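Number of protein chains: 2
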Amino acid sequence: MPQGQPLTVPEDGLSTRQRRNRPLVMVHTGDGKGKSTAAFGVALRGWNQGWRIGVFQFVKSAKWRIGEQTVLERLGELHRETGEGGPVEWHKMGSGWSWRRKQGEESDHAEAAREGWEEIRRRLAAETHDLYVLDEFTYPLAWGWVDVDEVVSTLRDRPGRQHVVITGRRADPRLLEAADLVTEMSKVKHPMDAGQKGQRGIEW
Amino acid sequence: MPQGQPLTVPEDGLSTRQRRNRPLVMVHTGDGKGKSTAAFGVALRGWNQGWRIGVFQFVKSAKWRIGEQTVLERLGELHRETGEGGPVEWHKMGSGWSWRRKQGEESDHAEAAREGWEEIRRRLAAETHDLYVLDEFTYPLAWGWVDVDEVVSTLRDRPGRQHVVITGRRADPRLLEAADLVTEMSKVKHPMDAGQKGQRGIEW
Chain A
13 MPQGQPLTVP EDGLSTRQRR NRPLVMVHTG DGKGKSTAAF GVALRGWNQG
63 WRIGVFQFVK SAKWRIGEQT VLERLGELHR ETGEGGPVEW HKMGSGWSWR
113 RKQGEESDHA EAAREGWEEI RRRLAAETHD LYVLDEFTYP LAWGWVDVDE
163 VVSTLRDRPG RQHVVITGRR ADPRLLEAAD LVTEMSKVKH PMDAGQKGQR
213 GIEW
Chain B
13 MPQGQPLTVP EDGLSTRQRR NRPLVMVHTG DGKGKSTAAF GVALRGWNQG
63 WRIGVFQFVK SAKWRIGEQT VLERLGELHR ETGEGGPVEW HKMGSGWSWR
113 RKQGEESDHA EAAREGWEEI RRRLAAETHD LYVLDEFTYP LAWGWVDVDE
163 VVSTLRDRPG RQHVVITGRR ADPRLLEAAD LVTEMSKVKH PMDAGQKGQR
213 GIEW
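Chains A and B, in that order, are what the protein sequence lines are. Residues are numbered in my numbering as their position in the first sequence, beginning at 1, plus a constant of 12. Residues are numbered in my numbering as their position in the second sequence, beginning at 1, plus a constant of 12.
Since the hints were derived computationally from the structure, they do not count as laboratory data. Since we're looking at a predicted model, the values are computed, not measured. Zero decoy hints are in this set.
No copy is singled out in the list; a pair is fine if it fits within one copy or between any two copies.
Below, simulated SDA-like cross-link-like pairs (lysine to any residue); rule was C-alpha separation at most 20 Å, straight line:
(1) K199 <-> R181
(2) K199 <-> P35
(3) K199 <-> D43
(4) K201 <-> R186
(5) K199 <-> E189
With the hints as constraints, model all of the structure from the sequences given.
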């Protein structure tokens, strides 16, 4: 077998180039650290390719601003100033989705999660971003706030060349089935087990 | 038990604040994707805290420039221009360590790896960086090029408040024992299994 060839070649009617450039759905799941960190690392790499980056944080605690947000938004600013990289949008559920006129008015997290997903659907249909990071999106799926089958079919039928990274524990088997790339981050050892609390720069 | 308390409090004579701020050795291992990506994500976060970042790539293929290098070096430049974040140094074994006068002269990878480690020892002793990313450093350890016990004792006795992230498969059990935080990235599913090759923005 020639070097650099994949082990199997699927009968999907695609050329190698078409298959190589096929947009991916990636899932980072498991109980370990690094799921979101690696997703933001993919965003960093995508920014460098000039991709239009959209981050959507599906967590209550997204009221906090994490370091990655500051840096990725700064890179988005750099794009506007110098044309380097790509544009960056960062939206958070916790403080009210930033595309809404009035922020901070959601009292119902389930509704806020559904609203976030609806906006992502609209953006996927409009091909707004080249990379979507749906951070901790597995939770609204696990809690039944957003319909897994609808997410799977929306991802499957999305137009163009849009990559999607979804992070969080307890990823639904249907989501894993639909994903092209799944990585499980497992905790082998964590300093909190040895009585150490989270710290600046490491946890946020 | 009050909320926010760790499950165990070690008898290490440290206050909670001292323990919280204890510098960490982190290992990202396993066969899955995301080990290096998550490490560069930690560097991104550290940069935002003003940390002095040092990245050391222990791989032959480090002749290539990956997107993270471009972006992190750009952030280092931004630090020099505006004072934002912290300084960034990125050194690669593949093209000859960048602190050497003459590059590209190593023919012996084992020697190059040892030389890289010696420089890191000097920097740890001098407290040169706040965060060291030793990317794919598990391989020179696994191949016996760099002595694991020496690495473990150097890490254990390092002065000040220096964080270290080590990535790569087949991490030595002594290294895992010495680490504060170990995450295993396991491959659940990868597009190469379905005949898709690596692509720009995702793999590099």
